[in-house]
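> Below, each chain spelled out in residue letters.
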Amino acid sequence: MTLIDPHIHCVSRTTDDYQFMARCGVVAVSEPAFWAGYDRSTASSFSDYFRHLMTIEPVRAARYGIDHYCWLCINAKEAENVSLSREVIQMIPPLLRHPRVLGIGEIGLNKNTRNEVTVFEEQVDLAARHDQMILIHTPHLDDKHKGTSIITSILKNDRRIRPERVLIDHCEEHTIRMAKEAGFWAGLTVYPVTKVTPQRAVDILETFGPNMICVNSASDWGESGPHNLVDTCLEFRRRGHSETEALNIFHDNPCRFFGQSPKWKVKPSGA
Amino acid sequence: MPNAQQTLDRDYLEMRWRCLSLAADLDRIERAESGKAVLSSDPRVQRLRQAIAVLLRDEPGRAEAVQNIFSDKS
Chain A
6 MTLIDPHIHC
16 VSRTTDDYQF
26 MARCGVVAVS
36 EPAFWAGYDR
46 STASSFSDYF
56 RHLMTIEPVR
66 AARYGIDHYC
76 WLCINAKEAE
86 NVSLSREVIQ
96 MIPPLLRHPR
106 VLGIGEIGLN
116 KNTRNEVTVF
126 EEQVDLAARH
136 DQMILIHTPH
146 LDDKHKGTSI
156 ITSILKNDRR
166 IRPERVLIDH
176 CEEHTIRMAK
186 EAGFWAGLTV
196 YPVTKVTPQR
206 AVDILETFGP
216 NMICVNSASD
226 WGESGPHNLV
236 DTCLEFRRRG
246 HSETEALNIF
256 HDNPCRFFGQ
266 SPKWKVKPSG
276 A
Chain B
32 MPNAQQTLDR
42 DYLEMRWRCL
52 SLAADLDRIE
62 RAESGKAVLS
72 SDPRVQRLRQ
82 AIAVLLRDEP
92 GRAEAVQNIF
102 SDKS
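Chains A and B are the protein sequences, given in the same order.
Going letter by letter, the first sequence gives residues 6 to 276 in the working numbering.
Going letter by letter, the second sequence gives residues 32 to 105 in the working numbering.
So that you can see chain A by itself, here it is in the shape it has in the complex (with noise of 0.2 Å):
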């Protein structure tokens, strides 16, 4: 069986991890850009990882069969500067042609501040301007759902996005209908610690069902990795669920949202 994980940071990963995924029947990634652990002093800085992500992880990963795909934007944790945000703004609309840029994202909230709210809407409106997908990032624990209200509030009262080409990442049992009630994609992270467990990411598909809902593991330099994606596909079996049924969730998904990008290239499974 085939999977996408449509939310990793393979720069934060090893070598290790791309064989790891290949054996496991991962063969498309897409890797939205976010905060490196630190907080980068220069827009120059972003420039080297835009070009990180847009160059050098594809290569690493078709080493492996894996087809890499990436996304673009000042994350929220960094937007707190808003004059750096500005110039790394600045700096995205002549890459957003690249083959390998999808979209602009991660953007969204970190601690809910007017600062972070600020360029937030202003990377909304880059969006817009260029006809661009978008990947929200939505806080974590126990700003979650504050947050959650206030990005989708924002988006749906912008007339310019359409919610179908949004996904709202990083969904919980008390955030995931915001987004499924407004049209949006909604994305499940499995990532133990902080977010959904390979348990209640599938109680979660099956009270939500599969439709517009992706799976991922957004692996990172934190307690996560690419094995979650896989735990969650097989804990989805376990519980006695078709592999159709499992294509459709942890293959297809992706491909429908990312195939709204004429530069995605991996087709649905029925297509």
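This list has only true hints and no planted wrong ones.
35 Å max Cα-Cα, derived DSBU-like pairs, lysine-lysine:
1) A:Lys151 / B:Lys67
2) A:Lys161 / A:Lys270
3) A:Lys151 / A:Lys82
4) A:Lys82 / A:Lys161
5) A:Lys185 / B:Lys67
6) A:Lys270 / A:Lys82
7) A:Lys149 / A:Lys116
8) A:Lys268 / A:Lys149
9) B:Lys67 / A:Lys149
What the simulated footprint calls covered on chain B by chain A, stretch by stretch (three residues with Cβ under 8 Å from a Cβ of chain A suffice, anywhere in the stretch; the number is not a length):
10) 37-49
11) 52-62
Bear in mind the hints are in silico, worked out from the structure with no lab data behind them.
None of the values given here were measured: they were computed from a predicted structure.
Ideal Cβ positions, reconstructed from N, Cα and C, are used throughout, including at glycine.
Place chain B on chain A using the hints.
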């Protein structure tokens, strides 16, 4: 030795997700066929409820008390 605040800081997120996992486990049983009946009648669920009540007590020896709830003392 870490103090109490440091210990909580280190372990809180894991305690939080274990708590969420248990809540989701009970929801999953309830959602399944005959879920409500199983939750109200199965003796293992009753023991889980007793164990959860122990966690709410403000006194030491919680782990031993929970082990005793899950032990065959016949």
